[in-house]
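Here the protein sequences line up with chains A and B, keeping their order.
For the first sequence, the numbering used here gives the first residue as 1, with consecutive numbering after it.
For the second sequence, the numbering used here gives the first residue as 1, with consecutive numbering after it.
Be careful, since some hints might not be right.
When chains are identical, the list treats them as one kind, so a pair holds in a single copy or across two.
To be verified - Each computed DSS-like pair below joins lysine-lysine, with the alpha-carbon atoms no more than 27 Å apart: (1) 150 to 2; (2) 342 to 2; (3) 342 to 150; (4) 376 to 150; (5) 376 to 234; (6) 150 to 269; (7) 342 to 376; (8) 234 to 2; (9) 269 to 342; (10) 376 to 269; (11) 269 to 2; (12) 234 to 342.
Keep in mind the hints are simulated off the structure, nothing from the lab.
Protein chains: 2
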Amino acid sequence: MKLHIDFPRLRRDLTELGAIGRTAEGGVSRPSFSEADMRARRWLLDRIAAAGLAARVDAAGNIFARLGGDGPAVMVGSHLDTVPNGGTLDGALGVLAGLECLRRIRELGLPLRHPLELVAFTDEEGRFGGFFGSYALTGALTPGDIPGIKDTQGERIVDVMARHGLDAMQAPSARRDPAEIRAYVELHIEQGPVLEANRVPIGLVEAIVGIHRIGVTFHGRADHAGTTPIPDRKDALLGAADLIRRGRDLVLAEGTPASRLTVGVVQVKPGVANIVPAEVFLTYELREVSAEMLRELAAESRALIAEVAEAAGLTASVETILDIPPVPLADAVKDAILAATKELGCAYMRLSAMAGHDAQVIGRVAPAGMIFVSSKDGRSHSPLEFTADDEIERGANVLLLTLHRLAADGGS
Amino acid sequence: MKLHIDFPRLRRDLTELGAIGRTAEGGVSRPSFSEADMRARRWLLDRIAAAGLAARVDAAGNIFARLGGDGPAVMVGSHLDTVPNGGTLDGALGVLAGLECLRRIRELGLPLRHPLELVAFTDEEGRFGGFFGSYALTGALTPGDIPGIKDTQGERIVDVMARHGLDAMQAPSARRDPAEIRAYVELHIEQGPVLEANRVPIGLVEAIVGIHRIGVTFHGRADHAGTTPIPDRKDALLGAADLIRRGRDLVLAEGTPASRLTVGVVQVKPGVANIVPAEVFLTYELREVSAEMLRELAAESRALIAEVAEAAGLTASVETILDIPPVPLADAVKDAILAATKELGCAYMRLSAMAGHDAQVIGRVAPAGMIFVSSKDGRSHSPLEFTADDEIERGANVLLLTLHRLAADGGS
């Protein structure tokens, strides 16, 4: 009989964690460092201890559990935080399946040539911009950035972490030498429709989408809604409306089928019905698998912002919030995933990851790979997120064989 | 020497009231029933008492001071509340000039044939939708509406008034028999550029603009910003963007030069950068002096909302927030204002009021009139709101002579 995980145990873990931050709509709200996220973190530390593993929390709030001795580790993980009213699997599956793999390998007493290390990264989803933990781990977080990192309510990460006894300014010290990371593997739901449409259970991720997220502020003038004639106004919202429509048209016309544009945040000041908007802030997020196309769409979008601002008599300012180039994944990890699917005799297909993942941050400094399981109707970041138990089990078993292959059989 | 107000005394009152709710930008924030508004109310009650007048607060929170005996009164007033970071004169001028007129007439011992009554109305500016006080006074407020009246933060007027010891459900009992109102006169800054551009100090208001304000909600679907291809989305923000741009084009093409459209509030749910907006609420406010044109623009706008929603794969729901028909002002009051300007030998011009005023609510049940003084650069609802002292003094003297004419000389 092949090596396999204890699925009922993983299922119990998923159900218990899924109850933390549960919303009335049946989703989960665990933004990073929220009360629910803190409860999830304490719960995970308990589960790690119960598995007989040593837990560690670094200066960025990343949680680790390690199995085996010294030397470069084969890492496995994902994140505990969620978007507001998100699903129970996005992030949680990768952490808990990783924990189950370490637990199983430990209880079977399988010999390891390289240590295994579980990680749950801080703020993948972006309450504070995203990837705080994986940036810190890879040295991409600079101390100068930290005081300016805020959530959309204006709360500083420095103040929020301090309330939980953590010093955000120390987060850069969480950096690990890339040579300590032999490989990083992340199991995740696809969050898209491809696997389901092709009736294939496992996705072998070839590359992870790049994200170029900017904050755009249009500056106009507050005028009285009655007394100022329409042509005399400097309506900041008009620039925003034109950008939302024309940005979409631009990306559809100039991009590839994999190009994405999302405006998800709009804030209007002063925000009352009888005053012409003086200032509008919005987030403008581009995604692409081709680095060249992403750069091109970003440049054309900036030209469009200037154009719509001028046409409406406004000025516009642009700040870069996220700029993550697309990342091809490592052949060594992809080969191990491929061998695992063959050993299990399950079908797979190659695809790109259109969502951002910690794997793409780690993948810039160390060999990284991702395994996808299918998402019902492609739904994610929603209470409707769902993956059937047998697909979760199959994905976790591919992860187990992949990790075992990388940690037990690997060379050097 | 002609009858005139004590300008230094009025100036002191304006300065003192302008310090209540002062903002860092030099504006004033006194939304109705805010802490600043409550302080302004207490200050006014003190000033009324200091003038030797009897104050009264009705069930809607309207503040009154009366001079003279029984019988239908000549009313004068405006409002104390302001928009967030508004100016020091919008509303305050009408209340304080009215108070000064009563004080002056009282101290000169001028005989009155009809009583004078000062009023400061609750929530003209619209934290709770606008005109709460004048609606209550004229019987336009129905008990069934009150529990649903909320501010943009979702705070119910019932709860907010209760914190100040007032029972909002009793507000309809503030209704006065229209026969008790012999006339209503309101002095106000123009809030527009017409008087200044024409170098005329006094505006004789012919009619007050009608306002049709609706709340529009576009309903789409929350999708992941990366995994859902753009053509497959139901992006609620796209419908909103198209309505903002095309609504403006519609009003410019089909309306008159006096037509206004303002979208001042936009709320996006869930409102995070990496989720396609599932729901967008916005306010859509039309203004017109012609009742027929206002009805026409409202009907065409509703058709446009349905059209942009369908084109973006959304559904839309529409609620009416305000529906105030344009109001022509009363000849008897206009004649009195005209006579006052002649007595003072000052130039005047006839114009329309493009902002909403309590005078238009009162004007539906009783004879109402308005006097305008000029606004520098037409600015209002802004810290930049400004009218020179000599213009304020002239306007207050026109008000004094108008009130004296209506209360002392009037027939019947």
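So, going through the hints one by one against the coordinates:
1. 150 to 2: Answer is neither: 48 Å inside a copy and 62 Å across each miss the 27 Å cutoff.
2. 342 to 2: within (12 Å within a copy, 104 Å between copies)
3. 342 to 150: neither (45 Å within a copy, 61 Å between copies)
4. 376 to 150: Intra 33 Å, inter 39 Å, cutoff 27 Å: neither.
5. 376 to 234: Close across copies (18 Å), not inside one copy (45 Å); limit 27 Å.
6. 150 to 269: both (19 Å within a copy, 19 Å between copies)
7. 342 to 376: Classified as within; 24 Å inside a copy, 79 Å across copies.
8. 234 to 2: neither (68 Å within a copy, 45 Å between copies)
9. 269 to 342: neither (57 Å within a copy, 44 Å between copies)
10. 376 to 269: Answer is between: at 23 Å across copies they meet the 27 Å cutoff, but 39 Å inside does not.
11. 269 to 2: Answer is neither; intra-copy 61 Å and inter-copy 47 Å both fail.
12. 234 to 342: neither (62 Å within a copy, 39 Å between copies)
In the structure shown, a violation is registered for the earlier hints numbered 1, 3, 4, 8, 9, 11 and 12, in ascending order.
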